[in-house]
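Hints given; two lone chains; assemble the complex.
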Amino acid sequence: MIEVKNLVKRYGDHVAVNNLSFTVEEGQIYGFLGPNGAGKSTTMNIITGYLASTEGEVLINGHNILEEPEEAKKCIGYLPELPPVYTDMTVLEYLKFVAELKKIPKDQRKKQILEVMNLVKITDMQNRLIKNLSKGYRQRVGLAQAVLGYPPIIILDEPTVGLDPKQIIEIRDLIKSLGKKHTVILSSHILSEVSAVCDYVMIIAKGQLVASDTPENLSKLMLGSNTVTCTVHGTRKQLVPALNALDAKEIQYENTPNEEQIKVKITTEKDKDIREELFYALAKANCPILELTSSSMSLEDVFLELTDDSGKAARKLKKAEKEQLKQKEREKECEPEADKTAVGEVSEEKSTDAAESAAETKQEEGDAQ
Amino acid sequence: MTAIYKKELKSYLTSMVGYLFMAFTLALFGLYFTAINLQQGYPEIGYALQNSAFILLIAVPVLTMRVLSEEQKNKTDQLLLTAPVKISDIILGKYLALLTIYVIPVLIMCLYPLLLGTHGTVSYAVSYTSILGYFLLGAAYISVGVFVSSITESQVIAAVVGFVILFLCYVESGIANFFPEGAGSSFFAFFIIIALVCLWIGSMIKNPIITGVIAVIGEGALTAVYFTKSTFLEGKIQDLLGIFNMAGHMDNFVNGILDIGGVVYYLSVIAICTFLAMQSLQKKRWN
Numbered sequence: 001m002i003e004v005k006n007l008v009k010r011y012g013d014h015v016a017v018n019n020l021s022f023t024v025e026e027g028q029i030y031g032f033l034g035p036n037g038a039g040k041s042t043t044m045n046i047i048t049g050y051l052a053s054t055e056g057e058v059l060i061n062g063h064n065i066l067e068e069p070e071e072a073k074k075c076i077g078y079l080p081e082l083p084p085v086y087t088d089m090t091v092l093e094y095l096k097f098v099a100e101l102k103k104i105p106k107d108q109r110k111k112q113i114l115e116v117m118n119l120v121k122i123t124d125m126q127n128r129l130i131k132n133l134s135k136g137y138r139q140r141v142g143l144a145q146a147v148l149g150y151p152p153i154i155i156l157d158e159p160t161v162g163l164d165p166k167q168i169i170e171i172r173d174l175i176k177s178l179g180k181k182h183t184v185i186l187s188s189h190i191l192s193e194v195s196a197v198c199d200y201v202m203i204i205a206k207g208q209l210v211a212s213d214t215p216e217n218l219s220k221l222m223l224g225s226n227t228v229t230c231t232v233h234g235t236r237k238q239l240v241p242a243l244n245a246l247d248a249k250e251i252q253y254e255n256t257p258n259e260e261q262i263k264v265k266i267t268t269e270k271d272k273d274i275r276e277e278l279f280y281a282l283a284k285a286n287c288p289i290l291e292l293t294s295s296s297m298s299l300e301d302v303f304l305e306l307t308d309d310s311g312k313a314a315r316k317l318k319k320a321e322k323e324q325l326k327q328k329e330r331e332k333e334c335e336p337e338a339d340k341t342a343v344g345e346v347s348e349e350k351s352t353d354a355a356e357s358a359a360e361t362k363q364e365e366g367d368a369q
Numbered sequence: 001m002t003a004i005y006k007k008e009l010k011s012y013l014t015s016m017v018g019y020l021f022m023a024f025t026l027a028l029f030g031l032y033f034t035a036i037n038l039q040q041g042y043p044e045i046g047y048a049l050q051n052s053a054f055i056l057l058i059a060v061p062v063l064t065m066r067v068l069s070e071e072q073k074n075k076t077d078q079l080l081l082t083a084p085v086k087i088s089d090i091i092l093g094k095y096l097a098l099l100t101i102y103v104i105p106v107l108i109m110c111l112y113p114l115l116l117g118t119h120g121t122v123s124y125a126v127s128y129t130s131i132l133g134y135f136l137l138g139a140a141y142i143s144v145g146v147f148v149s150s151i152t153e154s155q156v157i158a159a160v161v162g163f164v165i166l167f168l169c170y171v172e173s174g175i176a177n178f179f180p181e182g183a184g185s186s187f188f189a190f191f192i193i194i195a196l197v198c199l200w201i202g203s204m205i206k207n208p209i210i211t212g213v214i215a216v217i218g219e220g221a222l223t224a225v226y227f228t229k230s231t232f233l234e235g236k237i238q239d240l241l242g243i244f245n246m247a248g249h250m251d252n253f254v255n256g257i258l259d260i261g262g263v264v265y266y267l268s269v270i271a272i273c274t275f276l277a278m279q280s281l282q283k284k285r286w287n
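Chains as they are written, first to last, in our numbering: chain C, 1 to 369; chain Y, 1 to 287.
Isolated chain Y (complex conformation) (with noise of 0.2 Å):
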């Protein structure tokens, strides 16, 4: 794993892509710091950082584009896979490789509370609070490129897929909204999702029997709930769509608030995604 960690690093900061993504980020987040912070003299950083992470919508999908579908494409990745080395031990030391280009900028983000320090009373518990939920927020956004780029031997395409995967999750509450409150919607939108998985299923297993069977199960469930039970399903569909809400789990760290449920929301979307990559590559062996 340290091997692949030290060479993905250097790869990194030997070309331009590491450390244009250090200097955007910052670069933002400094317009932000200037014009909340400095301009209005309000003495937490948490708005800013929360204003300006909408960059790593952009900025991850750049930095993590080519971390394995450039592997894929030079075919370096049969070194890789060929090597005595573990499938996860390539993910995770890509992975952490990555993690440290993103922790630089946000440790120079660290300074930024000290230099408000100077010029006032600040919490600092509630700026570092923010600044954790800022590195979790971005360390979730890697593993999801990881994930992309892990799936495609086309740079771009794991650019273009990365930031409509992180970009719909970011207007998730808006997307959430277009649906009523109410049992119906939850029981049409639910009766879809399990017709699809249904598909899916059958794509899987080529078994038409027992996809057939599970879909009678499952759509049956379904309308029973619906007709004996049906507020149960009142505003479900939010509760299922709020799960892909990434950047609205960090309001909590950005009032001061050190949300444990948020830290094991981020750890378990950093460790489904590397586990998806993982698998990924694994199953691209048995194509």
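Isolated chain C, as found in the complex (with noise of 0.2 Å):
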């Protein structure tokens, strides 16, 4: 759908994005992540063609943003940091204007507008001036003006900014509905926003892409463990044995206020879940459980953890991935039927970064001195 190969935006001296690569497959939300002047906004506007890019080129559906503009830009609808109204004109004559400006048939143009304008709520809205609105109706408008036209890819710059609590999750309730049908990218500083729209996030930081995977996937790579904690009903003799029997790579205790509660907390390996085993052993010891959560790292550590100090960061997720990657071909190799197309794309992966891990764990080590 969209492929962006080697971005390198300059602004004189300054690198706002640097050697940044990734693809964004159809119909799927794609979060972008990152702190202030991370080039977020950057990186969207050279992919909607505003800005043109120092380095590399974007592909959108194959066609590339600069040498054939008018085919790619078709593609996209965008809403961009500040929604680009024109104060002067009514919602209704905007978004008429915009319809043509996108070149919708003109027996679709009314029906279509209707249309949006009634999924961005802001039919009530429509004969007023623009300069009228509050900031939360021109953010509609500005949305509404994207959507139309039913592009194939959405891209949002900071779609809820300004909006209240409550537009905040009809907005957030919007672009779930619009990720059925079209591709949306959106980008944000709010970590609650991206893991709840999002099924793709990308982080950002200083230009360059530090990590990009389900946030899932992201917040279990960065952990590398799994973690559980409970609190039980007995006394530290009756849980020792019982809780050294289980497979566990730490155990930690620590004592209550209530003399009769110990807090326990477990480390296992990260593809471990020791939950049913713990209920089991902990029943057999007669010791009840009285809470047990797991917990795993939040987008938001890991965000904090990435952006903070990228680079380390960075390689940590790196290693971390690599792990699983050679796992799954440890697994794959168990299974000799396993997709052999599948088998050959991690290879070649893991054969390209051979050369990068040996250099990284030098570095690692450099830092580490």
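Worth flagging that the hints you see were computed from the coordinates, not collected in a lab.
Yeah, the Cβ is synthetic: ideal placement off N, Cα and C, and Gly gets one too.
Treat the hints with caution; some may be incorrect.
[Unchecked claim] Each pair of labels, with its calculated beta carbon distance range:
(1) Y/Met16 - C/Lys135: 20 to 30 Å
(2) C/Asp124 - Y/Met16: 27 to 37 Å
(3) C/Leu82 - Y/Ile214: 42 to 52 Å
(4) C/Glu26 - Y/Pro208: 43 to 53 Å
(5) C/Tyr11 - Y/Tyr19: 39 to 49 Å
(6) Y/Ile104 - C/Asp124: 35 to 45 Å
Structure representation (structure tokens):
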């Protein structure tokens, strides 16, 4: 759908986007996550053809945005950071203008404008001048503009900025429903938004892609292990033998204000779910579980770690990813009937990564020193 | 293009600036028409047009100042530049909308010869040729205004710079007279112009060797011409400045000559300025 290859954007000496590459597949909601000034808006402006990149190229459905701009732009609806509305027009006039600008056939214009106005709930405002609308409504008009013509790709730059909590929820639901028919890319620095809406997250820091995966995988990858915390009614004497029998990496005991209760933190291998085993073990020892929580790293932690010290954390993530790949490969070796093409892909990736990983481990050693 | 044309035309016709423009041009023309044609009984409206044309120096920059700078300031250019339209369509749509606003007072002016015709013999051919000249002059001014508006985000700067450029072009013949006719002054002026051009090239390509080579070749050729055939340079600086004399090209039209050279000149000015406006929008993306 969208292919971004080695994108670089320089403003004088300042590098806003640094060698960014990614692909966007059809029918998913992608989230661009990054702190202020990470290069999210710049990247979006380049994808939509508003800015030109210093190096690298962008392909939209196979059309290069610089060489065939019209074909490429036809596939995209874009809501920039500031909704690009003409304040001296009414909502209806504005949407009519956009419909004509996007070359929607004349007989469909009216119908589409009505549909889109219903979608973002601005039908009541259609005859108001845009300069008299609040920020939230302007944002919706901007969104209506992006959706108009139902382009296959919809790009939204911080779509919920300036909205009240109720509107934010509405817009999120709207984006989710758009994601069923369109590919949606949205940028945000609000984590809960991205984890709530997006199928896939790309974290950008200092103009570089530091991580890209589903929100769940990202938190799993970063953690590297699984942690279960439980509060148990019983004494240490009862607990220790029961828990030592479990297959756990590390067990920590903590006293609670209540003398009869003990808090236990159990860390296991990352793909192991110990909760059931734990329940039976403690049941046998006659120690009822009062509370049990399984904690994996939240996206927030991932984000903070990645953007804080992007180099180190990114390497950690890459390492984790590679481990996962290796493991997958091992699994596939065990099952000879597995899809051959898939194996090919994996091994290919691995070979290209091999040199990199060597360099990284060296670098990491350097960091440690 | 039609979408932008319609939108732009509508915005001029629903705000004050379009009507103010029409009112001022018509009012000033009316003043000169009363003085020259009605009071003195002169049958051609050419002189009234030529004398009132200076109002365009102020009216056109005020009309054109917002056409592209406002879009850049309000970031609405993001909509236009990410929509499936060519940059040339954006500029042409806007230019044609401005031209339409300008055509309205010109069409009203077309009624004046008919009015004079009811009181005596009027050469309609001469009258309408001079109106054509007036129209072309204004069309060229508007293209300059569009270009100036494309290079800045500020409407005030667009208006002021537009006025200064048009004013300098208007008083070009006066400026040209500052220079003596002799070859020495032309040599001196061209020497400075070539040096400035080389500095500009140097800042663009950032390569001192190539810039130096261009400078040496340019200045060398100029010096060679000056010492071997100095008569060639006589009056050349006046000729060069004459290119910018937009109002002067109207003289032939006022005198009733359908000057093809003049038509080509004005069309070239329009083509160059709209092209530069397109390039300036294009360049913004590469900054």
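Hints, one by one, checked against the model:
Checked against the given bound of 20 to 30 Å, the beta carbons of Y/Met16 and C/Lys135, roughly 27 Å apart, stay inside it. Take C/Asp124 and Y/Met16: their Cβ atoms lie about 30 Å apart, and the range 27 to 37 Å holds. Remark: the range hint 42 to 52 Å for C/Leu82 to Y/Ile214 is upheld by a beta-carbon distance near 43 Å. Range check, C/Glu26 to Y/Pro208: Cβ separation about 51 Å, and the 43 to 53 Å hint holds.
A C-beta distance of roughly 42 Å is found between C/Tyr11 and Y/Tyr19, which places it inside the suggested range of 39 to 49 Å. Between Y/Ile104 and C/Asp124, the C-beta spacing of about 37 Å keeps the proposed range 35 to 45 Å intact.
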